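One letter stands for each residue in the lines below.
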Amino acid sequence: MESQVAEIVQHTGGAIGNAWLMIAFPLVGAFILLVFNRFTNRWGHLLGVAMSLASFVVAVLAFFELIGFGEEERRRAVHLYEFIPGMVDMGLLIDPLSICFALLITGVGSLIHIYSIGYMAHDEHRRRFFSYLNLFVAAMLLLVLADNYVGLFIGWEGVGLASYLLIGFWQFKPSAATAAKKAFVVNRVGDLGLLVGMFVIWTTFGTLTFQGLAEKITPGTQNGTMLAIGLLLLLGACGKSAQLPLQSWLLDAMEGPTPVSALIHAATMVTAGVYLVVRSGAFFFPEGSGAALAVAIVGAVTLLAGAIIGCAKDDIKKGLAGSTMSQIGYMMLGAGLGPAGYAFAIGHLITHGFFKADMFLGAGSVMHGMNDEVDMRKYGALRKAMPITYVTFMIGYLAIIGFPLLSGYFTKDGIIETAVHHQPILGWLAVIGAGVTGFYMSRMIFMTFFGEKRWADDAHPHESPLVMTVPLMILSLGAIGLGGWLVLGGTLYKFLIPAVGGNINEVPHFDFFSTPGLVTLALVAVGVVFAWMRYGRVAVPSVQPRGNFLTTFARRDLYGDALNESLFMRPGQWLTRLAVFFDNRGIDGVVNGLAAGIGGSSGRLRRIQTGFARSYALSILIGAALLTGALLFVGNI
Amino acid sequence: MNGAFEAPTIEYGALAPLLVIFGAAIIGVLVEAFAPRYLRKAIHVPLTLLSVAGAFALVLLQVVRGQVSTAPSAMGALAVDGPSLFIWGVILVLSFVCVLLINDEGHFVASAAAVPGSSDEEEAEAESHGVGHTEVYPLVLFAVGGMLLFPASHDLLMMFVALEVMSLPLYLLCGLARRRRLLSQEASMKYFLLGAFSSAFFLYGTAMIYGFAGTVSLPGINQAMAAGNSLDPLLLIGFAMLGVGLLFKIGAAPFQAWKPDVYQGAPTPITALMASGTLVAAFGAVLRVFWVGLGNLDWNWRPVIWVVAALTMIVGSILAITQTEIKRMLAYSSIAHAGFLLVGVLATSASPARNADSLKAILFYLAVYGITTVGAFAVVTLIRDPGGEAGHLSRWAGLGKRAPMLAGTFAFFLLAFAGIPLTSGFFGKYAVFAAALESGTQAGDGLGGWMAGLVVVGVIASAIAAFFYVRVIVLMFFSEPAADGPSIAVPSMGTVAVIAVSLLVTVGVGLYPESVLGIANQAASSLFIR
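Just so you know, the sequences run in chain order A and B.
The first sequence begins at 1 in the UniProt record's numbering and counts up by one.
The second sequence begins at 1 in the UniProt record's numbering and counts up by one.
Check before you lean on any hint, since a few could be wrong.
Distance windows between CB atoms, simulated [to be verified]:
hint : chain 1 : residue 1 : chain 2 : residue 2 : range
1    : B       : Gly13     : A       : Leu632    : 41 to 51 Å
2    : B       : His392    : A       : Val28     : 33 to 43 Å
3    : B       : Arg179    : A       : Gly597    : 46 to 56 Å
4    : B       : Arg37     : A       : Gly597    : 50 to 60 Å
5    : B       : Ala200    : A       : Phe199    : 48 to 58 Å
6    : B       : Glu325    : A       : Leu618    : 52 to 62 Å
7    : A       : Leu632    : B       : Ala71     : 48 to 58 Å
8    : B       : Val307    : A       : Gly603    : 50 to 60 Å
Derived by calculation from the structure, the hints in this document are not laboratory data.
Here the structure is a predicted model, which means the values were calculated and not measured.
Glycine is no exception: its CB is placed at the ideal position from the N, C-alpha and C atoms.
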């Protein structure tokens with residue numbers, strides 16, 4: 001028998017009672033940096049870092065306060081204020097799930113803030129960059145800490161805005177501006193799903209708070225409305241987390257500065273979809289429901305698609321972006337498996353936050369040393385030139401391919417085993433995906449750090465300054481040990497039970513020698529060896545060779561853009577043309593008529609305003625007469 | 001009459017804010033009479049600001065100490081109850097920021113009496129060193145005193161006196177603009193003539209009602225109605241006349257004609273004061289008369305005000321569309337908002353239990369609308385042509401490219417006027433409309449349909465209004481700036497503070513409405529003294 005999610009307890013005081021500070025610090029930071037713009041140029045970045053760190057300190061204090069409570073009392077709601085009178089109260093929910101996110105966001109976020117001091121040192125708009133980063137942290141914290149869907153949605157849109165601003169940060173590059181726009185438009189589709197889902201929740205249940213829903217929904221309820229809500233929320237999750245069919249924006253989003261790719265488009269924001277599914281899991285994605293199955297299918301398909309795209313990219317950041325898509329696919333797959341999968345999904349989300357941020361920042365460090373070159377075919381043999389970056393990147397690499405005993409091994413294997421157990425077909429797809437991961441990540445390593453130098457003539461690779469490499473080292477420590485700590489003995493599973501459900505007596509046991517685990521390892525080994533044969537043993541051409549149809553397929557992002565173009569954009573354009581046609585003929589007549597009517601009446605009414613005091617006085621007199629007449633008339637009915 | 005004279009009891013504690021303002025105004029007059037010209041402004045500015053701040057502190061003190069009176073003060077002439085204190089607080093905050101705008105040099109003429117362009121005028125200009133009339137300060141203080149008195153009046157004669165104390169200084173102030181003198185004088189003249197005309201209606205109505213009730217005290221009138229024939233033509237006509245006087249002040253249709261002309265002609269800081277402070281005060285008075293004095297006439301005035309509210313919203317928003325002058329547009333916007341507020345007034349007396357809710361909504365609306373309005377007019381003062389403020393909308397084209405911060409701020413104020421979510425304006429409108437709908441369903445008797453109908457009219461009017469607000473935004477951000485565009489004045493510290501405070505309140509209340517709503521709720525829960 002599955003145990004219920006714990007009751008939410010009202011809480012005041014202490015670090016939890018003041019958890020709003022977590023959001024307030026970076027928000028104030030962003031505000032100061034944006035409003036006092038130029039005046040803060042000299043110290044703006046330091047303020048940004050300080051605000052992020054302050055937020056982290058509050059998160060840590062709140063975490064320790066939280067674990068001081070008994071397990072059944074670890075869902076603390078903090079009421080802040082009445083937001084929309086009679087409809088929504090703004091409040092925060094500090095529970096094991098949200099605190100995990102808060103720690104990840106502020107912890108990794110602070111490291112990336114620090115790294116950015118070095119990375120953006122020569123950018124004249126560094127202060128603006130930090131204000132956007134702070135804005136992002138505040139919005140993301142609101143997203144995960146809000147105790148209702150409205151707060152979550154505001155945070156959701158806030159991170160969307162920050163993401164848009166940061167992808168297009170170098171707006172002088174047309175490609176960056178276009179990418180920002182694309183991300184914005186694609187996300188809009190998902191946001192609409194979330195919004196409509198919220199509408200349906202409101203009309204069905206009359207509340208949007210998690211507590212209110214917990215009171216109204218019997219766990220495990222399944223019917224058409226619940227399925228519809230689940231699918232709508234999933235659409236929202238797909239947009240934010242770059243899952244099929246709304247994946248196309250993430251690869252282009254790499255136009256943003258690299259720390260942004262690390263923080264927003266790898267470690268935190270893109271995992272918001274996973275958060276949404278897990279947070280709503282007890283309500284709308286009960287184990288075995290159609291909605292949960294849809295989540296798992298989306299995850300499994302995306303994890304393969306992302307991995308395949310990752311195989312063909314020569315741009316190091318795009319390769320990592322494909323890998324991000326794929327890893328979030330794993331998380332989604334886990335999130336579609338009920339409480340047993342939630343713990344691994346969240347665990348993978350946390351470890352991925354570390355090792356992917358580690359690798360993205362490593363890639364940034366490489367670019368920093370290579371004059372912002374992103375083409376891996378122009379790299380090669382960099383391990384001697386930048387030893388720290390090399391070592392930390394290697395750790396991230398070993399973690400992501402699931403090298404035994406490193407972080408990724410535990411969390412990814414956990415997902416795979418749970419999936420094989422619950423949804424065998426999807427589970428084995430995930431096993432194949434792991435093999436492909438071994439291939440494309442090894443390819444990246446071989447092309448970047450091994451082999452011959454293929455550098456451009458003016459490239460003088462050098463190690464990055466300490467302010468950039470220290471965050472790398474800290475992140476790689478997480479990439480080494482975090483997974484084992486979270487998974488072995490079911491630490492995270494037990495910790496999350498009050499928030500997402502689960503059974504204390506059935507803590508999943510991590511099996512080192514299970515069949516799927518061993519097969520996965522074997523496939524990963526095959527992938528690595530295959531990559532070595534193609535990119536390690538033989539020289540890599542510095543110009544991209546013509547590939548076979550499969551390579552082209554992957555290089556073109558599985559024709560995702562082409563599909564979007566032919567399926568949505570062109571028909572969309574035709575539709576707009578058609579609409580314009582009808583609009584001109586029919587609707588415009590009505591609309592223009594209406595507008596002309598209003599404008600015309602405005603023009604006519606205007607003539608009353610003659611400018612003569614005498615006619616104004618006359619209108620007052622007539623008004624007085626009418627008023628008197630009306631009162632007498634009504635009085636005598 | 002037994003001939004014995006009883007000394008009136010005056011509750012000095014409750015009336016202290018009023019006394020501070022009027023006292024400072026009288027000192028201001030003395031300063032004008034005795035202080036040398038070069039010193040006057042240096043004395044006036046701290047005197048005015050300190051007295052307004054001091055009066056505000058005294059209001060706060062009463063609230064904090066919990067000394068909100070539950071009985072009329074000053075022998076039944078005034079009622080310093082919860083809503084009064086809230087309205088006082090709002091008016092004092094608004095006048096404080098307006099005084100900061102008034103301090104800016106260049107708004108006021110040196111000699112209003114001199115013929116524009118004459119040598120007299122040049123002479124006076126030279127003498128005043130650009131300071132202009134310093135009489136402005138005591139005049140403003142008298143007007144503010146009147147504004148405080150108006151909504152707190154507990155009988156009709158007191159209310160009339162307050163109306164005049166508030167209006168007379170404003171008539172004068174309207175004529176003091178330094179630029180476009182003729183327009184300003186014309187505005188002053190029109191405002192005076194029409195204001196006097198409507199005051200006469202008010203007084204006439206008072207006399208008629210006295211004829212019916214034998215008293216001018218608001219609760220007395222209500223009791224007389226309960227006791228006697230509440231359909232007496234004397235009473236109904238008296239009420240209609242009274243209504244004309246009040247509706248004129250808030251600028252409800254068909255008594256709105258003065259607003260655009262006066263708002264356009266008056267010096268912009270004075271326009272800001274009228275559009276915010278006067279409106280708040282007038283609505284306070286309307287609420288008190290309708291709720292305390294005419295509570296028992298409920299079924300008579302409701303349909304009439306229903307029509308007036310609908311007409312006001314429609315006229316305001318439709319006429320605003322064809323305006324090409326920014327201050328005129330804001331004037332029509334103010335008319336439309338008066339209509340929205342009237343919807344809230346209608347929501348009040350449907351059932352006493354709901355009263356606190358609708359009262360809260362109106363008080364909240366008044367507070368947030370007032371501060372946004374001052375902010376918007378403060379921005380208007382900064383966009384200048386050689387001949388004064390660049391009023392014509394075409395001059396605002398492309399402002400977003402030339403002064404992005406200023407244009408962005410103005411755009412935000414416009415969005416708040418339009419009632420876009422996450423601005424204070426949204427919650428104001430939401431609260432008023434929600435209260436109206438709720439009062440309709442609570443009252444039953446088919447009233448629900450009528451109230452819902454009015455809300456629908458309100459929403460349509462909001463949609464029309466959104467058009468002309470957004471049009472200005474489009475103009476500012478999506479048009480190419482003209483080559484010889486207006487200059488953007490370097491704002492003084494005072495103006496910066498005004499704009500910043502307005503923006504902060506508009507944003508802050510939009511995110512955290514409870515901050516002001518809570519206070520309004522507290523004020524409203526004690527209701528008007530009946």
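So, going through the hints one by one against the coordinates:
1. Gly13(B) with Leu632(A): 41 to 51 Å: holds, 44 Å
2. His392(B) with Val28(A): 33 to 43 Å: Since His392(B) and Val28(A) have Cβ atoms about 40 Å apart, the given range 33 to 43 Å holds.
3. Arg179(B) with Gly597(A): 46 to 56 Å: For Arg179(B) and Gly597(A) the Cβ distance comes to about 37 Å; the hint is violated.
4. Arg37(B) with Gly597(A): 50 to 60 Å: Holds, since Arg37(B) and Gly597(A) (Cβ atoms, about 57 Å apart) stay within the stated range.
5. Ala200(B) with Phe199(A): 48 to 58 Å: holds, 54 Å
6. Glu325(B) with Leu618(A): 52 to 62 Å: At roughly 24 Å between Cβ atoms, Leu618(A) and Glu325(B) fall outside 52 to 62 Å, so the hint is violated.
7. Leu632(A) with Ala71(B): 48 to 58 Å: violated, 35 Å
8. Val307(B) with Gly603(A): 50 to 60 Å: The hint (50 to 60 Å, Cβ to Cβ) is violated, given that Val307(B) and Gly603(A) are roughly 24 Å apart.
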